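**Q** Once you have looked at the hints, place chain S on chain G.
2 protein chains.
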Amino acid sequence: MDCHNQVYSMFSTEFFSSEINRWLSEIEYPSKPEGLYEPIAYMLSGGGKRLRPTLMCAVSESLGHSFDFVRQQAIAIEMFHNFTLLHDDVMDNADIRHGKPTVHRKWNIPTAILSGDTMLTMASGFMSDCGSDIREDVVDIFNKTAIEIYEGQQYDMNFESRQDVTADEYLDMIRLKTAVLLGCSCKIGAIAAKASPMIQDLFYQYGVKLGMAFQLRDDYLDTFGDPELFGKQIGGDILNDKKTFLSLQAWEKNFNAMLGATSLSESSEKIMKVRDLYVALGLDKMCLDLISDYTKDAIRQLQSVGLSASDMEFFENVALSAVKRKS
Amino acid sequence: MDCHNQVYSMFSTEFFSSEINRWLSEIEYPSKPEGLYEPIAYMLSGGGKRLRPTLMCAVSESLGHSFDFVRQQAIAIEMFHNFTLLHDDVMDNADIRHGKPTVHRKWNIPTAILSGDTMLTMASGFMSDCGSDIREDVVDIFNKTAIEIYEGQQYDMNFESRQDVTADEYLDMIRLKTAVLLGCSCKIGAIAAKASPMIQDLFYQYGVKLGMAFQLRDDYLDTFGDPELFGKQIGGDILNDKKTFLSLQAWEKNFNAMLGATSLSESSEKIMKVRDLYVALGLDKMCLDLISDYTKDAIRQLQSVGLSASDMEFFENVALSAVKRKS
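Respectively, the protein sequence lines represent chains G and S.
For the first sequence, position 135 (counting from the first letter as 1) is numbered 135 according to our numbering, and the numbering increases by one without interruption.
For the second sequence, position 219 (counting from the first letter as 1) is numbered 219 according to our numbering, and the numbering increases by one without interruption.
Only chain G is shown next, with the shape it has when bound in the complex:
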C-alpha cells in the first residue's frame, strides 16, 4: 500500500471536526418555505464531536485519498445522523439535545417530522454525489445501515415494554442503533479510496467495535461518571429504569436485590442503592472490561491494513478515547 509514504501527522480529530463544521456551515438552504429549513440548520449547528464524518475523512486520507474528496459523503453521514437524533427525540419525547431545546419543543411535532424527512432525502442526495464507479457501493452500505438503525430504534422501543430482555439482546440493539453507523462511515471512506473489499470490511469492523465501546462507555458514565465532567445528571438511566447492559446484567445476576433497589421511591437513594448493587456484583468492572475488549478488538482489525505508524496511532487514539473519556 502506498499510504505508508504519507505524512499524516498534521491531521487530528480537531482538524477534521473543524473542517466538517465549516462544510456544514457552508450548506445553502432555500429561504422558503418558512419553517422547513431553519430546524435543519439548527440541528446541524448543535455541536457534537462529528465523530462519524471524522472517521470517514480519516479513513479516506489514510488510504491515500484526500479527505476533501469525501466532503459530500461526510456531510451526508452527519446530516443522516442528525436526522435520526431529530426523529428519535420526537419518539422519545425528549426536551433537550446538546443543551438546547429539541426541534419539536422549539417548533412543533409536524415540523420535526417534516424537517427530519427533508434531512434524510438531503443526506441521500449528498451521499450519491460521487463518482459513478463507487456510487452503487456507497449507496448500498448507506441504505443497508439506515435500515439497521431503524431496526435498532424499534428494538429499543420494544424493550421498554418487555420484561425478558437479555444483556445479549441489548448488545445487539446498540450494535444496530449506534455501532453500525460508525462502521458505515469508515467503510465509505475506504470505498471512496478504492480500497479492496477486505480492507473495506476491516475498517467497517473497526467502526462497529468502536461504536460498541463508545455506547457502553456512555452507559457506564451515566451511572459511574463524574458529575462535574459528564455534563449531565448522573443516574438518569437508573431513575428511568432504562434497560442497559448494567441493569440487565444485574437483573440476571440478582433479581431480588434489583427488585428492592429499583423500587425505592427516593431518587438519590435509588441511584445510590442500585449503583452499590452494580459494584457488589462486579458489573462496573465487567462493563469496563467489555469496553476495553471492544477497543482492543477494534484496533486489532486495522493491524493487517498496512497503515503508516502515524495513521495507526490516529485510529488507536480514537479507539482509546472510548475507554478514557469522561464526558
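Be aware that a few hints might be false.
Chain copies aren't distinguished; within one or between two, either way the pair holds.
Said to hold, decoys possible - Below, a list of computed lysine to aspartate or glutamate pairs in the EDC-like style, where the Cα atoms sit at most 20 Å apart: (1) 106 to 92; (2) 32 to 164; (3) 144 to 28; (4) 32 to 160; (5) 106 to 38; (6) 253 to 164; (7) 32 to 168; (8) 32 to 148; (9) 242 to 269; (10) 144 to 129; (11) 144 to 34; (12) 49 to 218; (13) 144 to 38; (14) 32 to 169; (15) 49 to 219; (16) 32 to 172; (17) 285 to 168; (18) 270 to 237.
What the hints contain is simulated information worked out from the structure, not anything from laboratory work.
Fair warning: this is a prediction, and the values are worked out from it, not measured in the lab.
**A** Just chain S now, kept in the frame of chain G:
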C-alpha cells in the same frame, strides 16, 4: 422513434395496477423487530389507484422499454408516495386513510414516524436498483422531487395560519405537494427507456399538468361531487375552512359574502350557503375550465413525442379521466 411499431392495446390502467399490486405483495419484509414492518405492509395493502407507478410503467412501455424493467422504480415510487401519506397523516392528525385507521391511530406516533422513515429509505434502495448508466439521472429527479413535496407540505401547513394566501400560491402549493410526483414518475419511465432529455421533459410536463388536473378535480368533487359516488362526505373542505382554489377565489372575489357564509354555525347550512356562493361567483365553472385546460395542456405535451396512436390514446384517457372522474 421505433415505438410506433408496438402493439400496445393489451395494456390498460387496470392491467398495470394489478401488476403493481402483485409486485407490492411480493416484497419480503424481515419478521423482526416486531412493529417496524407490519405498518409498511398495512399501508401498501391499502389500495389506491397506483397512478404513479402505472404512469411510470406506461411511459417506459410506450417508449419501447418493457414495463417489467422499471419494476424496482415503480415499487419505489409507490413506497415513497405511501411514506408521504403516512407522515402527512401524523402531521394532519388524520384518523382514516382509504377507509381504514391511519397507522398512528392503529399503532402509535413513534411507530408511524419510524415505519415511515424505513419506507423512505427502502424507496431510495429500490429506486437506485437500476443500471449504472441511468442511476444518477433517476436518483437526482427522485431526490429533487421528494424535496419539492416536503416544501409543498410545509406551504400547506403554513397556509393554515395565514390569512393572505392567494389562489396562485395555492396552485403552486399543489404543484409541489402533488403534481411533481406524477411528473417524476413519468420522467423516470422515460429515463429508463433511454429517451432524449427533451422527451423526458415532455413526459415530465405531462405528469405535472395531469397532477394539477387531478388535485383540482379532488377539490371540485369535495364540494360539488355526488355523495353517492364520491365515497366520502361532501363539503368537508368547506366545513374545515380549508384553503382551496374555490375558497381562495371566493375570498378574493367577494370577501363579505364569504365572511357571512363561512361564519354560519350549522353545518349543512354552511355547506349549502358557501356552495351557492361559489356558483353565484361562477367558481364551479371556473374550476372545471381550469381542470380542462390542464388536461388539454397535458395531452398537448405528448403530441410531438411520436407515440403510436394506441399509446397516445392511453395517455389521453388517463388525462381525460381527471376531467370526468366522479370519485
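**Q** Are the hints correct? Go through all of them and say.
**A** Okay, the hints, checked on the actual structure:
no., hint, in the structure
1, 106 to 92, "both (16 Å within a copy, 19 Å between copies)"
2, 32 to 164, "between (49 Å within a copy, 16 Å between copies)"
3, 144 to 28, "between (28 Å within a copy, 15 Å between copies)"
4, 32 to 160, "between (39 Å within a copy, 16 Å between copies)"
5, 106 to 38, "within (11 Å within a copy, 32 Å between copies)"
6, 253 to 164, "within (13 Å within a copy, 65 Å between copies)"
7, 32 to 168, "between (47 Å within a copy, 16 Å between copies)"
8, 32 to 148, "between (33 Å within a copy, 11 Å between copies)"
9, 242 to 269, "within (17 Å within a copy, 55 Å between copies)"
10, 144 to 129, "both (18 Å within a copy, 13 Å between copies)"
11, 144 to 34, "between (33 Å within a copy, 18 Å between copies)"
12, 49 to 218, "within (14 Å within a copy, 49 Å between copies)"
13, 144 to 38, "between (29 Å within a copy, 19 Å between copies)"
14, 32 to 169, "between (44 Å within a copy, 13 Å between copies)"
15, 49 to 219, "within (18 Å within a copy, 49 Å between copies)"
16, 32 to 172, "between (42 Å within a copy, 13 Å between copies)"
17, 285 to 168, "within (17 Å within a copy, 67 Å between copies)"
18, 270 to 237, "within (11 Å within a copy, 54 Å between copies)"
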